[in-house]
Every structure is written in structure tokens, then in C-alpha cells.
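Enquirer: Counting the sequence shown from 1 gives a position; the numbering used here is that position plus 2.
You may find that some hints are simply not true.
Stated by the list, open to error - Mimicking DSS-like on lysine-lysine, the simulated pairs with C-alpha atoms at most 25 Å apart in a straight line are:
| hint | residue 1 | residue 2 |
| --- | --- | --- |
| 1 | 49 | 290 |
| 2 | 13 | 163 |
| 3 | 163 | 49 |
| 4 | 213 | 45 |
| 5 | 49 | 213 |
Said to hold, decoys possible - Computed Cβ-Cβ distance ranges for the label pairs, DEER-style:
| hint | residue 1 | residue 2 | range |
| --- | --- | --- | --- |
| 6 | 213 | 34 | 17 to 23 Å |
| 7 | 14 | 38 | 36 to 42 Å |
| 8 | 217 | 283 | 37 to 43 Å |
Calculated from the structure, these hints are not laboratory results.
Cβ coordinates follow ideal geometry from the N, Cα and C atoms, glycine included.
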Amino acid sequence: MLFGFTFSMAKQPLENVDPIVLSAIVYPISFAALIPITKSSFKIENKEDFLDILVISILGGVLAPILLFYGLERINASEAVILTNAQIIFTVLLSSLFFGEKPNGIIGYSGIIIVFVGLFVATTELDTSGSLFKYEPGKIMIVGAMLVWAIDNNISRRLTKRSTIWPAKIAMLKFLIGGIILFGIATIAVEESSSSFRSRLQIIDSLLLIKPSEWLIIIAVSLFGFAGALSLLLESLKRIGTIRTMMIFSLTPIFGIVAANIVHAESISILEAIATGIIIIGIFMVSKSYT
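Please model the entire structure based on the sequences and the hints provided.
Expert: See below:
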């Protein structure tokens with residue numbers, strides 16, 4: 003539910019804030035929010051745990067949010083939230099291929115195929131007049147972000163299952179590492195057109211130009227859409243496993259579409275509604291194959 007509302011909430015700041023800069027703001031705030039909750043040190047004793055945290059920080063803490071915010075900048079929140087279903091099926095598929103949790107029988111595998119059909123319809127709206135990447139780059143970015151987060155989910159499941167590290171601490175470290183890298187990327191991106199000193203000034207200027215109302219939204223997105231949602235997701239992965247967690251996650255688009263309609267008065271097309279129905283049927287079939 004928390005992640006579903008993120009799409010509508012983040013749309014307003016994206017009108018004035020560069021997606022990379024927004025990512026670089028959200029992650030440090032999320033990190034700070036989890037410090038009093040975890041009440042633990044930053045030390046990681048196991049080298050294997052550290053490597054997994056580093057990988058998920060780069061994937062889910064840097065690459066995925068950049069793709070998400072750039073994609074969200076280009077399409078409606080309601081369209082973006084439909085495509086979050088891709089994270090579910092990518093997670094299930096990767097788990098089946100590489101991490102040992104597989105759908106059972108023809109129903110499960112048929113469900114995966116049906117979800118991919120729904121995602122294709124939602125992404126292209128069956129317009130094949132030109133290149134898919136040229137036609138809807140925003141949607142491709144969102145689907146790309148979901149694929150990266152799917153890889154992240156499976157590695158996180160392996161980490162939480164093997165390690166004694168509290169999931170909230172994993173989330174905190176992920177936001178810390180991701181935030182540092184994102185800030186570095188934001189600085190480098192600005193340096194391309196200015197001196198190093200001037201680039202730092204431009205980043206500071208961009209932060210000062212953010213309106214108070216936008217800061218409130220950014221803080222809310224950081225606290226609930228990222229810090230809260232990720233902590234709960236990691237806890238679920240640890241307690242009930244990848245597949246069951248993703249089936250619950252499939253409720254995200256419902257809350258996201260409702261929020262987009264309330265906040266931005268957005269509606270979805272008939273094809274997008276059909277695609278959503280196809281995806282839900284496919285996810286239900288995958289879910290049934292595990293019962």
C-alpha cells in the first residue's frame with residue numbers, strides 16, 4: 003500500500019526537481035529515518051553479507067530509483083503503477099530460475115506467460131507503428147526498474163534467510179550506500195557542464211529552489227514510500243518467503259490507481275484496464291500454483 007501511493011506523491015516534485023537529484027534526496031532521508039528504529043551499529047561481520055548488501059544497494063538503491071523517477075517523469079502515475087506488476091512476475095521468474103522457489107505445474111507457468119502478455123499490452127497499448135523503445139521510453143524505464151528490484155528482492159531474500167542482521171538494518175545500510183552513490187552521480191552529472199566548484203553550488207541551488215510543500219511531499223515519500231515500505235518488504239521476505247510476499251505486493255497497483263485518481267484525477271485507458279485484468283488473472287494463477 004505504501005509503495006502504491008509513492009507514484010502519485012512523487013509526481014509533483016518531479017515537475018521541478020531532476021530525477022537523479024530527487025533520488026539523492028530521498029535515500030539520505032530514508033536512511034536517517036531508520037537510524038532510531040534499528041538502534042544498531044553499521045558494522046557487518048560477515049563478508050558475504052556485506053557483498054550482498056553492496057549489490058542490493060547498487061541495484062535497488064541506485065539503478066532502480068533512477069529508472070523509476072525518470073520513467074515517472076514521462077508517464078502518468080496511474081500508468082506507472084500498473085507496470086509495478088512486472089516486479090512481481092520478474093521476482094517469481096528469477097526465483098524459479100536461480101533461487102529455488104518454483105511455480106507448480108502448468109497453471110503456474112501459464113500464469114507467468116499471461117502476466118507477460120498483460121505487461122506487453124500495458125506497455126505498448128498494442129501500438130506497433132514504431133520502435134517500442136522509441137514509442138514509450140517512460141514505460142520501458144519503469145519496467146526496467148521493476149526488473150532491477152526483482153533481482154534485488156531475490157538477493158535480499160537470500161540475505162535475510164541466511165543472515166542474522168535485522169531487516170530494518172539492511173534497509174538502513176542500503177539507503178546509506180545508495181544515497182552516497184546517488185549524490186556522487188548527481189554531482190558528476192552537473193560537472194559535465196560546469197566546474198567542480200560551480201557544480202556543488204548548482205546542487206545546493208537546486209535544493210534551495212525546492213518549495214516547502216514539495217519538501218513535505220519528498221519527506222513523506224522517503225519515510226513511507228521507501229523507508230517504511232522497504233523495511234516491511236524485507237521483513238516479509240524473511241518471514242514468509244519471496245512468492246507469498248510478491249502475491250501480497252500485487253495489491254500495490256490497486257492503491258496506486260486509486261491514489262492517482264484522487265491526487266491527479268488520472269484515469270486509465272480501456273486497454274490499460276484490460277491489461278490490468280490480464281495481469282491480475284496471471285498473478286492469481288501463479289499464486290494458486292503455490293497453494
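Enquirer: Hints first: check each against the structure and report whether it holds.
Expert: Here is what the structure says about each hint:
1. 49 / 290: violated, 38 Å
2. 13 / 163: violated, 35 Å
3. 163 / 49: Within the cut-off at roughly 16 Å; holds.
4. 213 / 45: This hinted pair is violated, its Cα atoms lying about 37 Å apart.
5. 49 / 213: violated, 42 Å
6. 213 / 34: 17 to 23 Å: holds, 21 Å
7. 14 / 38: 36 to 42 Å: violated, 28 Å
8. 217 / 283: 37 to 43 Å: holds, 41 Å
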